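Chemist: The lines below spell out each chain.
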Amino acid sequence: MTTTVATDLLPAQRTSRHVLNVIARDPLALISTIVIILFMLLAVFAPIIAPYPEQGQGRTNASDTMLAPSTKYLLGTDRLGRDILSRIIYGARPALIVPMGVVLFAVLIGAPLGALAGYKGGWVDEVIMRVTDLFLAFPSLLLAMAITASIGRGLDKAAIALIVSWWPWYTRIARGVAVSLKEQYFVEAAQATGVSDAVIILRHILPNTMSPILVQATVDLGTVILAMGGLAFIGLGTQPPAPDWGLMISEGRTFILDQWWISTFPGIAIFIVVLAFNLLGDTLRDIFDPRQYK
Amino acid sequence: MRVLDFILRRLFTALFVLVGVSVITFFLSRVIPNDAAALYIGPKARTEDIERVRKQLGLDKPLPVQYAVYMGELLRGDLGNSISTKRPVTQEITERLPATLELLFAGMIIAVLVGVPLGVLSARWQGSPMDVFVRMISIVGVSMPAFYLGLLMQIAFFRHLDLLPLAGRVDSDLRFISPIQPITNFFLLDSFLTLNWVAFKDIFLHLILPASTLAAYPIGLIARMTRAAMLEVLGQDYIRTAQAYGIRQVVITYMYALKNAISPTLTVIGLTIAYALTGTFFVEVIFNWPGLGLFTVRSLLNVDYPAIMGVTLFGAGGYVLINMIVDLMQAWIDPRIRLK
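Residue numbers (the numbering used here), protein chains in the order written: chain A, 1 to 294; chain B, 1 to 340.
There's no promise every hint is true.
To spell it out: a stretch of chain A is covered by chain B in this simulated footprint if at least three of its residues, at any positions, have a beta carbon under 8 Å from a beta carbon of chain B; those stretches are [stated by the list, open to error]:
hint, segment
1, 110 to 118
2, 161 to 167
3, 228 to 236
4, 249 to 256
5, 272 to 286
No lab work stands behind these hints, which were simulated from the structure alone.
In this text, all values refer to a predicted model and were calculated from it rather than measured experimentally.
Where a beta carbon is used, it is the ideal one built from N, C-alpha and C, also for glycine.
Here chain A stands alone, though its shape is the one from the complex (with noise of 0.2 Å):
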């Protein structure tokens, strides 16, 4: 989580086709892109692709309980007699969409604020900064974790304990990057020339925080999708029946050491995708870090 981004950088030295041309340059990020996005496909149109639609939606099937993977049940059953692949490609709902908003709403919680206190600077970059370093004082899991025991828990609630822990990472980055843009020439003319506070960091500083943050919640969301698995796993996410690949993990445990195929592979599904975002966002740090440009 440390963030060794650029910011001296304009967007304007690495636009997207740049990304895009690294990207499709080094086959791990290129391989790390398609399985996000054929995973993203799975759960948009999990309907159509799920053998199974509504036993992935959670009705229970007590003929074919427990059956190890075969080629009517191509990777088992569970408790329930529920199809796991079916499951696992629903489960990509909640365990992958899920933490894609969270990160969409930290950036857009934290960016802005983080915006507004790298060009305000003074007091109103101090009482940004000193709240934020409080909620970054907290193991971020274990903040999520006291959030859900106040609110309550489910899908939508610990995904609002995660947003809640998660965006001061985002207004620490986007400080950083509005203090060296605002010595910049095109922000003192924009300011000489008359143009309001709101409108400078709206349409000058914000848009150039974004390739940095981008980033950032690429490698974020590797974590995100951990944390969200272990909030379900713990029993504070997805509730059942619905399914979640961490409630999966947790709901075949007891079976583990028999029908390991419950746990498994679910645990593999997030395993996948969390390499996959991990390994794209070392590509991409890779990138923007300008150090390594020297």
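Please build the complex by placing chain B on the supplied structure of chain A, with the hints as guidance.
Modeler: Just chain B, lined up with the frame of chain A:
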């Protein structure tokens, strides 16, 4: 004098953060819930009990007064009583702390002993298969959920290889064969001090799987950070000078370079302790380890409100303390920081 200045300033910051942490937990525990009194006394309470607790917590008074009451309790070390066990939360925490710390220490020792050398080797042979191997290990380490890795460990080392115990801190028969005499409640240390080798071996074997599971994430972070720090140091002039003098590379790598690369690594070690701290929640659940993490998860599931808030405060306090110690250690190792 400047050193003392630095220490004082750092202590002051930590104090400020701790007060802030108490404000946030205050809001979480007393202000945000619809009916904090009902949460504090648990689901089975009668209406008059809830009223009594409302008075006791001062929830009918203005917020600043409520905070003063809350702070007063905190400073007396009073975190309320656990709903499920009816005992003081402070006592529940202190009793379980040794088990968790023993696990945490063991995990961090493994993480440092494996992570730092991996990072050094990777940097020393940059671009070699060794480097690629280490980078793969570190990225797999940070991508693997602890709550999944633990299960895999159990399948491999208990079910298939039958080498290590499945779960728990000691074998249940141990108290008949060779009971532990608690001194510090760090069982490994206690059995060592009392020369109880039967117990020592049993405890050690029980510690391996949970500690290794806990170490996976920190190993990844530490190896990666050490690699980056070593690469930066190895590229510097004084290293090239040392090479030109014909000093052996082993000496240069481990005695000259590692010393200067250790400071950024220390920061990461501090950071990873925080990850490991929340990692113990999952590891303790999977390995049925009777520590603070298992207690926290049970409290969360039972909505044992005083216990949850107590643990949160305690965890955040511990985290602030760890960060402060890491900063002070860094300043001690690296004069550039304390003299800035």
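Chemist: Confirm or reject each hint.
Modeler: Hints, verified against the model:
Coverage of the segment 110 to 118 of chain A by chain B is violated in this model, with 0 residues showing a Cβ closer than 8 Å to a Cβ of that chain against a need of three. Only residues whose beta carbon comes within less than 8 Å of a beta carbon in chain B count, and the segment 161 to 167 of chain A has 0; fewer than three means the coverage is violated. Three residues within the 8 Å Cβ limit are the bar, and the segment 228 to 236 of chain A against chain B gives 6, so the coverage statement holds. Remark: the segment 249 to 256 of chain A is confirmed as covered by chain B, as 4 of its residues place a Cβ nearer than 8 Å to a Cβ of that chain, reaching the required three.
For the segment 272 to 286 of chain A, the proposed coverage by chain B is satisfied: 5 residues have a C-beta within less than 8 Å of a C-beta in that chain, meeting the threshold of three.
In this structure, the earlier hints numbered 1, 2 are contradicted, and the remaining ones agree with it.
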